[in-house]
Every structure is written in C-alpha cells, then in structure tokens.
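Generate the whole structure from the sequences, applying the supplied hints.
Protein chains: 2
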Amino acid sequence: MSCPVLDFYFEFASTYSYPAVMRIGSLAQAAGVALRWRPFLLGPLFKAQGWDTSPFNLYPAKGRYMWRDVERICTRLALPFRRPDPFPQWTLLPARVAYVGLEEGWGENFCRAVYAAEFGEGRPVGEEAVVREVLQGLGVAPEAALARARSAEIKARLRAATEEAERAGVFGAPSFVAADGELFWGQDRMAEALAWAVRLRAAGA
Amino acid sequence: MSCPVLDFYFEFASTYSYPAVMRIGSLAQAAGVALRWRPFLLGPLFKAQGWDTSPFNLYPAKGRYMWRDVERICTRLALPFRRPDPFPQWTLLPARVAYVGLEEGWGENFCRAVYAAEFGEGRPVGEEAVVREVLQGLGVAPEAALARARSAEIKARLRAATEEAERAGVFGAPSFVAADGELFWGQDRMAEALAWAVRLRAAGA
Numbered sequence: 001m002s003c004p005v006l007d008f009y010f011e012f013a014s015t016y017s018y019p020a021v022m023r024i025g026s027l028a029q030a031a032g033v034a035l036r037w038r039p040f041l042l043g044p045l046f047k048a049q050g051w052d053t054s055p056f057n058l059y060p061a062k063g064r065y066m067w068r069d070v071e072r073i074c075t076r077l078a079l080p081f082r083r084p085d086p087f088p089q090w091t092l093l094p095a096r097v098a099y100v101g102l103e104e105g106w107g108e109n110f111c112r113a114v115y116a117a118e119f120g121e122g123r124p125v126g127e128e129a130v131v132r133e134v135l136q137g138l139g140v141a142p143e144a145a146l147a148r149a150r151s152a153e154i155k156a157r158l159r160a161a162t163e164e165a166e167r168a169g170v171f172g173a174p175s176f177v178a179a180d181g182e183l184f185w186g187q188d189r190m191a192e193a194l195a196w197a198v199r200l201r202a203a204g205a
Numbered sequence: 001m002s003c004p005v006l007d008f009y010f011e012f013a014s015t016y017s018y019p020a021v022m023r024i025g026s027l028a029q030a031a032g033v034a035l036r037w038r039p040f041l042l043g044p045l046f047k048a049q050g051w052d053t054s055p056f057n058l059y060p061a062k063g064r065y066m067w068r069d070v071e072r073i074c075t076r077l078a079l080p081f082r083r084p085d086p087f088p089q090w091t092l093l094p095a096r097v098a099y100v101g102l103e104e105g106w107g108e109n110f111c112r113a114v115y116a117a118e119f120g121e122g123r124p125v126g127e128e129a130v131v132r133e134v135l136q137g138l139g140v141a142p143e144a145a146l147a148r149a150r151s152a153e154i155k156a157r158l159r160a161a162t163e164e165a166e167r168a169g170v171f172g173a174p175s176f177v178a179a180d181g182e183l184f185w186g187q188d189r190m191a192e193a194l195a196w197a198v199r200l201r202a203a204g205a
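Those protein sequence lines, which keep their order, are chains W and B. Be aware that the first sequence starts at 1, since it is given in my numbering, and climbs by one per residue. Be aware that the second sequence starts at 1, since it is given in my numbering, and climbs by one per residue.
Calculated from the structure, these hints are not laboratory results. Just so you know, not all the hints are guaranteed correct.
Any copy will do: because identical chains look the same in the list, a pair fits if it lies in one copy or spans two.
Unchecked claim - SDA-like mimics (lysine to any residue), calculated; alpha carbons at most 20 Å apart, straight line:
no., residue 1, residue 2
1, LYS47, GLU108
2, LYS155, PRO86
3, LYS62, ALA168
4, LYS62, GLU182
5, LYS47, GLY139
6, LYS62, TRP51
7, LYS62, ALA156
8, LYS62, GLU192
None of the values given here were measured: they were computed from a predicted structure.
Following this line, the structure appears as structure tokens:
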C-alpha cells in the first residue's frame with residue numbers, strides 16, 4: 001500500500017462537501033492517490049472568526065447563490081439534491097461515528113450514506129435514529145459503533161483532525177492538504193488537488 | 001451584431017477578476033457569446049455586509065489561501081503576478097475611465113492594461129498618474145478621457161452597474177449574469193457561464 005499523500009477534510013454539514021464525498025473515492029483511486037479521509041468540525045473555526053452559524057446564513061446573497069450553485073453541480077453530476085432543514089445540520093455524532101468506521105473498514109461507505117441521506121433526501125443526519133438507520137443499511141451493528149463513537153479515543157480523534165485542519169490553514173470545506181502542506185479549498189479544486197498529489201509523489205519517488 | 005447575452009461584472013481591486021479579465025474576451029469570442037463588460041464597485045456591497053475592507057483582509061486564513069491560489073492560477077495561465085500594496089487598491093478612477101473607454105472603443109484594452117499593471121507589476125492603478133500612463137500606452141489622450149470620466153453621465157453609469165449587480169444577486173467578483181438572470185460567481189465559473197449563455201441563446205433562437 002502506498003503512503004497517504006492527500007488529506008481530505010470535510011464537514012458533514014457542508015453542502016459543497018456532498019459532491020466531493022460522493023466522487024472523491026473513485027477519482028483518487030483512478031489517479032492512484034492514497035487519500036486520508038478526515039471529517040472535521042467547521043463550528044470551532046467559524047467561532048474563531050466571530051460567526052455563530054454558517055456564513056451562508058449570515059450573508060444572504062452568498063447563501064442564495066450557494067443553494068443554486070450546489071443544485072447546478074448536483075444536476076450536472078446526476079446527484080439527487082434536497083435542502084436539509086434546518087441548515088446547517090448538527091453533525092457531531094456522524095463525524096464521530098465516521099472515525100469509528102474509518103478504523104473498522106466501513107467509514108467511507110458510511111460517509112457517502114450520511115451525505116446521501118442529508119443532501120439527497122434532506123434527512124436530519126445529526127439525530128441518533130437516523131445515524132442508526134444508516135449504520136443498519138450498511139450492515140453495521142449500531143450499538144457497538146455508537147458506544148465507540150462516544151469513547152474518549154474517538155472524541156480525541158475528531159478534535160485532533162479539527163485542530164490539524166486549522167493549523168494547515170483550512171477555513172472551509174471541503175479542503176485538501178497535500179503532504180507538502182499545499183492547500184486546496186472547494187469541491188471544484190478536487191482534480192487540481194489530486195493532480196498536485198500525483199506530481200508530489202512522482203517527485204519524491 | 002448579436003444581442004448581449006452575458007453580463008461580466010468585475011471590480012478593479014479584485015484579484016480573481018485579473019485572470020478573468022485577461023482571458024474572457026477571447027473565450028467569449030470563441031464561444032460566440034456577446035459580452036457586456038460591467039466594471040462595478042465592491043465597496044458598497046461589502047459595506048452593506050458590515051465589512052470596511054476586503055474579506056481577504058478581514059479573514060486572514062482565507063486571505064493567505066487566496067494569495068496562494070491566485071498565484072497558482074496565474075502560473076498555470078502563464079500570467080505574471082505581483083501583489084499590489086496596499087491591497088485592495090482604490091479603484092474608483094479606473095472604473096470610471098473604463099466606462100469612457102467602453103463607449104469609445106478602447107475599454108476592453110484599457111481594462112486588460114489596468115489589471116496587467118496592477119497584478120502583473122503591482123502598480124497603484126488608483127492613482128491618476130498611473131491611469132494616465134496606461135491611457136498613453138493605448139494611444140488614448142488622457143486629458144479628454146479623464147475629464148469625461150468625471151462627468152455626471154459616467155459617474156451615473158458606474159453607480160448603475162453597481163446597483164444592478166447588487167439586484168442581480170452579485171456579492172463578489174468576478175461574476176457573470178446571463179440574460180435569464182442566472183448568476184455565476186468566480187473566475188473558475190467562466191466556462192460554465194459562457195456555456196449557459198450559449199445554451200440560452202440557442203433556446204431563444
């Protein structure tokens with residue numbers, strides 16, 4: 001197995017993370033890039049900038065544009081799209097459960113299933129009942145996964161990812177950080193980030 | 001001559017407007033899209049959101065990323081890039097002069113020359129001496145152009161563009177507004193905006 005050459009930072013509440021999460025697995029595989037999936041929380045980063053909610057709520061013109069833009073992107077990619085209510089969703093629980101799954105081998109499927117429920121069907125994915133359903137749909141026993149999601153170890157992992165994202169200069173989601181620290185922001189920079197990682201690995205090989 | 005089918009809103013202080021202004025003319029021509037060049041002022045729109053300077057200054061992580069991202073874009077497009085100091089530049093005068101030029105046939109060349117001076121060489125394009133030099137470089141007599149730039153008619157034109165941008169939902173630059181009101185934001189949406197305009201014209205023909 002090759003070394004991870006690209007950190008993929010995403011936040012379960014983030015609209016633009018939806019098309020990124022749904023597509024990056026196959027794109028990275030095709031490019032031969034080893035990806036590190038790192039769900040993180042935007043809340044603490046936003047709070048540090050003085051924001052108590054999404055900038056898309058704070059700045060209405062920007063918010064209106066975002067909803068239309070995401071709709072266009074989803075149409076182009078043939079992804080179903082439905083706006084969750086409220087926005088943003090409370091995503092602490094799915095983010096923690098994702099770290100359990102990423103260690104146990106079902107994490108990437110879980111992430112895709114959560115985004116599909118949230119932005120494909122508009123479901124409240126922060127609620128335990130919905131997370132439970134998603135897990136069951138993947139054939140994962142919810143009790144053990146939820147118990148482990150609340151362990152100190154998993155909580156620390158999510159906190160560390162959020163702190164490392166901030167140190168890497170991340171300020172929005174999705175973001176991509178290459179092994180040399182190069183940062184890319186936005187689902188529309190995914191191809192560029194993967195290409196950077198490929199060049200970097202070639203240069204270091 | 002075909003009808004204008006795409007409004008191109010840009011602000012002389014905006015970094016991401018630089019690669020857009022340098023490339024959109026030939027791209028629009030190749031796509032057969034009639035473009036309406038509409039320099040506008042972001043200042044009043046930012047002020048309405050409670051900002052007294054560029055969000056890239058207000059939010060340091062976002063600002064650091066922007067400078068690196070614009071540098072990467074310029075490298076890829078083989079455009080020289082030099083950060084102007086201070087940022088943002090005071091761009092009222094070049095915006096007014098641009099409207100004179102857009103009526104007199106030298107406006108698009110003027111816009112490209114201003115951006116090349118500002119972001120290719122880091123020059124203070126808000127200063128009258130620099131605007132004068134740019135005009136002379138284009139073979140335009142500065143006195144008449146500057147006098148007309150300060151006329152009530154031209155001032156009103158810039159004000160109207162800024163107000164129409166805001167009504168169209170514009171909140172940043174560059175932005176593109178199609179004849180049906182569809183809005184695209186960012187130089188990385190330029191191809192998408194042109195394609196939209198082409199489809200729209202085809203549908204209306």
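Hint check:
no.	hint	in the structure
1	LYS47 - GLU108	neither (28 Å within a copy, 42 Å between copies)
2	LYS155 - PRO86	neither (25 Å within a copy, 43 Å between copies)
3	LYS62 - ALA168	between (25 Å within a copy, 12 Å between copies)
4	LYS62 - GLU182	between (26 Å within a copy, 14 Å between copies)
5	LYS47 - GLY139	neither (36 Å within a copy, 52 Å between copies)
6	LYS62 - TRP51	both (15 Å within a copy, 14 Å between copies)
7	LYS62 - ALA156	neither (33 Å within a copy, 26 Å between copies)
8	LYS62 - GLU192	between (24 Å within a copy, 18 Å between copies)
Hints 1, 2, 5, 7 from the list above are not met by this structure, while the remaining hints are.
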